[in-house]
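Peer 1: Given next are the chains, with one letter for each unit.
Number of protein chains: 2
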Amino acid sequence: MKKGCKFGTHRVIEPKGILPQPAKVISNDMAIYDNEILIDVKTLNIDSASFTQIKEEAGGDEAKIKEIMMGIVKDAGKHKNPVTGSGGMLIGTVAQIGPALEGTTDLKVGDKIATLVSLSLTPLVIDEILEIRMNIDQVDIKGKAILFESGIYAKLPDDIPENLALSVLDVAGAPAQTAKLVKPGQTVLVIGGAGKSGMLCLYEAKKRAGVTGQVICLQHSDKAKDRVMDAGLADDFIVADATDAVDVLRKVEEVTGGNMCDLVINCVNIPNTEMASILATKDDGTVYFFSMATSFTKAALGAEGVGKDVTMIVGNGYTKGHAEITLQIMRESQTLRDIYESLYA
Amino acid sequence: MKKGCKFGTHRVIEPKGILPQPAKVISNDMAIYDNEILIDVKTLNIDSASFTQIKEEAGGDEAKIKEIMMGIVKDAGKHKNPVTGSGGMLIGTVAQIGPALEGTTDLKVGDKIATLVSLSLTPLVIDEILEIRMNIDQVDIKGKAILFESGIYAKLPDDIPENLALSVLDVAGAPAQTAKLVKPGQTVLVIGGAGKSGMLCLYEAKKRAGVTGQVICLQHSDKAKDRVMDAGLADDFIVADATDAVDVLRKVEEVTGGNMCDLVINCVNIPNTEMASILATKDDGTVYFFSMATSFTKAALGAEGVGKDVTMIVGNGYTKGHAEITLQIMRESQTLRDIYESLYA
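Sequences listed follow chains A and B, in order.
Quick note, in the working numbering, the first sequence goes up one by one and the last residue is 359.
Quick note, in the working numbering, the second sequence goes up one by one and the last residue is 359.
Worth flagging that the hints you see were computed from the coordinates, not collected in a lab.
Ideal Cβ placement from N, Cα and C applies to all residues, glycine included.
Each computed DSSO-like pair below joins lysine-lysine, with the alpha-carbon atoms no more than 27 angstroms apart:
#1 LYS30(A) x LYS265(B)
#2 LYS296(B) x LYS265(B)
#3 LYS265(B) x LYS16(A)
Listed next, the stretches of chain A that the computed footprint assigns to chain B, with coverage defined by at least 3 CB atoms under 8 angstroms from CB atoms of chain B:
#4 164–176
#5 325–333
With the hints as constraints, model all of the structure from the sequences given.
Peer 2: Written as structure tokens, this is what we have:
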């Protein structure tokens, strides 16, 4: 059996010498290296930006979606959408564990896991697409995948249904980072707070900011207002277009008595929301960009342009314990669990 | 006199309702609003990425460079390079101060200042281009500019020559952020450490990390090695291609005894250096991206892809006191001052 690199560079075909994620083509040969894990895949959870693009390209036609997805994997050896650059994640069963991992992994053959690294770097073979759950970005397949030694995963718990676990684990980084950032008494704004990652962030922010804090949900329409407020996820609900920085500034000024926010978490997957996030933050505050539509230069030049001394953080989908923190929310809050089961599972 | 918005939105022509930086066209009518400052411009310091692009487009021809620059300002009302999206900064003399700023500004007519907001949002008129200093991105002009109420600036000190002040103020955010981040005993890597912002970061890192710390300079060639090491700016010098993440990982492992870095500061203006920055950082460490070539998604997905729990920060060109911190370096270190005078002034 061949010896592999921790980061999977041994699988990179083109261009040579780089890591699997930025690579254009990787090997999806399902004979494992000594430090790899082979997975029987059950379900792919395609990244939301990627799946939206594929659905649009296919004009909503299911056969055409299958064709596009099979084509991506055939060309790249992985499901990295060539337009959006993004992947997603998967759930499946451990089929084989490389001998070099013995004693270092807590996994055994037969364990059900969700991989928490992006599909954009995961060697994948799709034999057949069995079912597409159009509105929750999930695709059941017959196929196999490889997890690298540096790859992260979560064992699926017995007390949470698989589809629900997959849905919330997909955005596990967001609530876990929120939990690390929010301090008692703080004012926190979640832009796109009524969405899948947004509500989990609101929940953690509410819990950490406590009764002396203020948690604000900003959403582009008031459709989800009752859901968010009835679930007690926020103290205030702002309806605004997050690309309209000046309007957001005025509305946040209003609900915060002009004090603005200690922390702004951006969870909205549309471009040009950097300035609204920056203007809503107080001096010395923090902006956490979870949106994959964030432009680095727009954020950097935007803050400088208005002379704002704020710390802007690039959302990291991984932080220690993120899977556990997120699954725990589904155990703690029956209200939120009901919402996520009805919307995303 | 008309009343203006703090952020200059009153000058935006197209598209309406957004801020001056992202706007395509702003008004460069030099009749000021009540909260604006009019500046007689002496020198433009064009952003390095922008000036490189302009020089290339012009094939190095000076007349053609002038034509391109005049064209940019004619079309946009500001010097925002349509290809790179970036600006630069300027020095000049205060010509008029809006009455609404009386009592809130420390400026008076005749003061020499450097504006520290980007040219990409600064209303500008160029009457004539007098001189182009090709290799330091500086252009002397006859012209005028407007500073908004939220715009930041530094009064030019008497004890530092103008061109030198302009050169270091252009990158003032980098050393000031470094000063805030580095703690005694830390291991700090500056990628592109031999460049204009890089050496200032090294200097601050050395000062803050102290004798128990380790400061490492990474550069693509060893040409600048003697200059950096003789000036005492770094403890170690690595020659590596920052786009080769795996090579950088191995070399940083070597000089840190496998411990990796608490803080990695990326000052190199080329694409695809995100992964090298992430891999060189230890778990729970911080990556500070100053490079405008940074891709948000490459950073976000890159860290997740290798399961690295690092905090990634979007470089903010502004932080309180950044001009003072940076000018102070030119007073403290005659060695560094000599280097910057010979290279960048």
